[in-house]
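Peer 1: So the chains spell out like this:
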Amino acid sequence: MLTRVAAGGLLLSSLWIAGCSDDTPAAPSAPYDEAQARQVVNHYGELALAAYSDALAEAQQLQVAIEALLAAPSNDTLSAAREAWRAARVPYMQTEVFRFGNRVVDEWEGQVNAWPLDEGLIDYVDDSYQAVMGNPGARANIIASESLTIGEEARDLSNLDGELLASLNELGGSEVNVATGYHAIEFLLWGQDLNGTDAGAGERPATDFATDASATGGHNERRRDYLRAVTDLLIQDLEFMVAQWQPDAENYRAELEADAVKNGLRKMLFGMGSLSLGELAGERMKVALAAHSPEDEHDCFSDNTHFSHFYNGKGIRNVYLGEYRRVNGETLSGPSLSDLVAANDAAVDSQLKQELAASEAALQGLVDNAANGLHFDQLIAPGNAAGAAVINGAIEALVVQTGGIEKAALVLDIQALNPDTADHQF
Amino acid sequence: MRVMVMALLTVLLSACSNPRQEVTVQLANQLLLPAHEQWHGSNGALRVSAEGFCADELDQAAVEQAFYRTLQSWSYLQPLMLGPLAEGNRSWQVQFWPDKRNLVAHQVEALLDSHSPLTREALEGASVVVQGLTAFEYVLFDKAVDLAGQRPRYCPLLIGIARHQQALSAEVLALWEGPEGMASRLGDFPNDRYASADEALGSILRTQITAVDVLKKKLGVPMGRLNKGVVQPWQAEAWRSRHSIGNLQSSLSGARAVWERVRSLVGDAGLVTRIDAAYENTGQKLAGLPAPLVEMVQDKASLPRLQALYESLDNLETLQQVELARDLGIQIGFNANDGD
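The listed protein sequences derive, respectively, from chains H and B.
Numbering (the numbering used here) for the first sequence: 5 to 430.
Numbering (the numbering used here) for the second sequence: 9 to 348.
Simulated from the structure, these hints should not be mistaken for lab results.
Beta carbons: idealized from backbone N, C-alpha and C, even for Gly.
Hints should not be assumed to be uniformly reliable.
[What the hints assert, rightly or not] Computed spacing ranges between beta-carbons, pair by pair:
1) G377/H x Q315/B: 49 to 59 Å
2) D276/B x N376/H: 55 to 65 Å
3) G200/H x R250/B: 25 to 35 Å
4) N323/B x G200/H: 42 to 52 Å
5) G52/B x E38/H: 57 to 67 Å
6) G377/H x D64/B: 46 to 56 Å
7) A39/H x R334/B: 20 to 30 Å
8) H123/B x D372/H: 43 to 53 Å
The whole structure should be built from the sequences, with the hints applied where relevant.
Peer 2: Listed below in structure tokens is the structure:
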């Protein structure tokens, strides 16, 4: 096996050779034991299976709570349903690290967790509502409408089932037309957050689901049907994804495990880095902070964003360490990327572990602020320098960590990280 | 083993004059730094034009010309935007794109409603959306803005943005110049940013390759490539000033200028020819577009030409991101678009 110094030296020397000679350097052998690396990829499948299974189980609990809400709408049953939604996000957000790189997840994800959304597509909205320019569905209000005409196409909306709602996603080509998934359910349970960057989340009354004289909101039977259908669909979608990660089946996991082991490692690293930099640090934090835009907050109706971000970060760490703490408290652990990297370059491994711990601590800062009554949408308020510092600290920790992921990839001789473009190469 | 490798390295190092370091120094001094200076100069001219317009000494056309020039120098700079300007939220202060929710109109009007006249403190404390060229363009070109009739309302913002941009580019330039500046970090190794010329060159190339990826996005988003083919004209960059294609041309020129200096390092002569041809082909397709992008995407007959341009950019990206990176032994790391 190569030592750390030798591996670094080989890499460096290949760069110099390319720089001053036309000779092609001999391809070095893989800097890891093939069988061990295969176990790492297999264990990655185990982690995905456990996390998606937990997400499914929690979504089923959410469905129970929603049925109780619909059976007897009250502040208590609405609170319980909201609590179940928050709990369902804990495992789901830890699965997002599997999204980038694994096409089966990325293509499926839009129906499950698309955001931000023009919520006027789904239900009534306040006059202050700001939709995306040129979105023909921005005020479609599916709940209040038995039919919908966009362009030349007329749609029958009389029967609100999962299939119909799924077909309304990206209506008119606009990606903010999101009719299904966690955020559609979130909007139905909380309603719009009309507090801007001040304290407070959405305040939809439980009576929006009532059918007696107390009913508010209008079209309550359809709102009830919508909530039921969209929750059902979420469960079906999660069942599909759990099946994709079962062992010894004809599914995505079988393809992943049959592929070259280097491609598996590449997908693991690409998922970690893409979520860390472009998605979590960029789309989910920097855009909202720099523009002071609560519309660009991830869980903007419920103000649960701090936990969503925290568990996104946890997911990145899970993949590197080969660990996942299940909802029931058990910890799954096994062969990890960390083991492979450490065997070649203990310093790079230890550095990345420190960076992962530092980003977790920085994201914990968001959670702590929320516990003290300062939620993400208040931290991004204009003039809140202390709030901006908390978020910038988390962004910076994720940027640094992404550099560490790149270094770990180099230790494993992975130069092209994007599996889509890498397909052309290897 | 270790001793052998180190000995081999020493031989290689002494046998090689290190053309990579030479190219990196050239890039820094002949391309990157001058492009930052040019951008700074255009911001100064933008400020003079805004002040002149608001003092009734210049007409609106003069401000528009100055704005186009600033857009051009900013677009040229993007593939060269290494170091200070790429850090913190500095580049976000220059331009806010994409702006799907029309935040620029909402935030500009809300800011001017609550601060009349607008003060410097209010602008500095506001979001990046109102501090940059996107807001400047909104005031100058949006049909909803009655600039001629409402100068007292909008002039403090135009002047404020131009001053903010000039101060920003002065700050960035100061971080490039001097013995501790970015330019010297690209000439003397190792330093606190780069362990070697290779690392620095890799970083320059990553910036340039990412910028070509962004060009695809700037074209593909209004074409509706992320929206089931439904065109999104109002998501084009600089749609209000109808300058989207000019921006793409300037950015392509900046990217090509990097390539021109890197070309000599590439071992595969066939690859050099193909990348040269890809730049030529993309540049010709861009130059041949007859109308502003915001109009072309809404005209079905124009879509095949845009599609051909997109494919040409895609080919250029693949050649650089995959083949060039492999030829030079450079890791293409993560970029901000990977989450899309």
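Peer 1: All hints are to be evaluated individually against the structure, with a verdict given for each.
Peer 2: Outcome of the hint check:
{"no.": "1", "hint": "G377/H x Q315/B: 49 to 59 Å", "verdict": "holds (52 Å)"}
{"no.": "2", "hint": "D276/B x N376/H: 55 to 65 Å", "verdict": "holds (59 Å)"}
{"no.": "3", "hint": "G200/H x R250/B: 25 to 35 Å", "verdict": "holds (33 Å)"}
{"no.": "4", "hint": "N323/B x G200/H: 42 to 52 Å", "verdict": "holds (45 Å)"}
{"no.": "5", "hint": "G52/B x E38/H: 57 to 67 Å", "verdict": "holds (60 Å)"}
{"no.": "6", "hint": "G377/H x D64/B: 46 to 56 Å", "verdict": "holds (51 Å)"}
{"no.": "7", "hint": "A39/H x R334/B: 20 to 30 Å", "verdict": "holds (27 Å)"}
{"no.": "8", "hint": "H123/B x D372/H: 43 to 53 Å", "verdict": "violated (34 Å)"}
Against the hints set out earlier in the document, a violation occurs for number 8 only.
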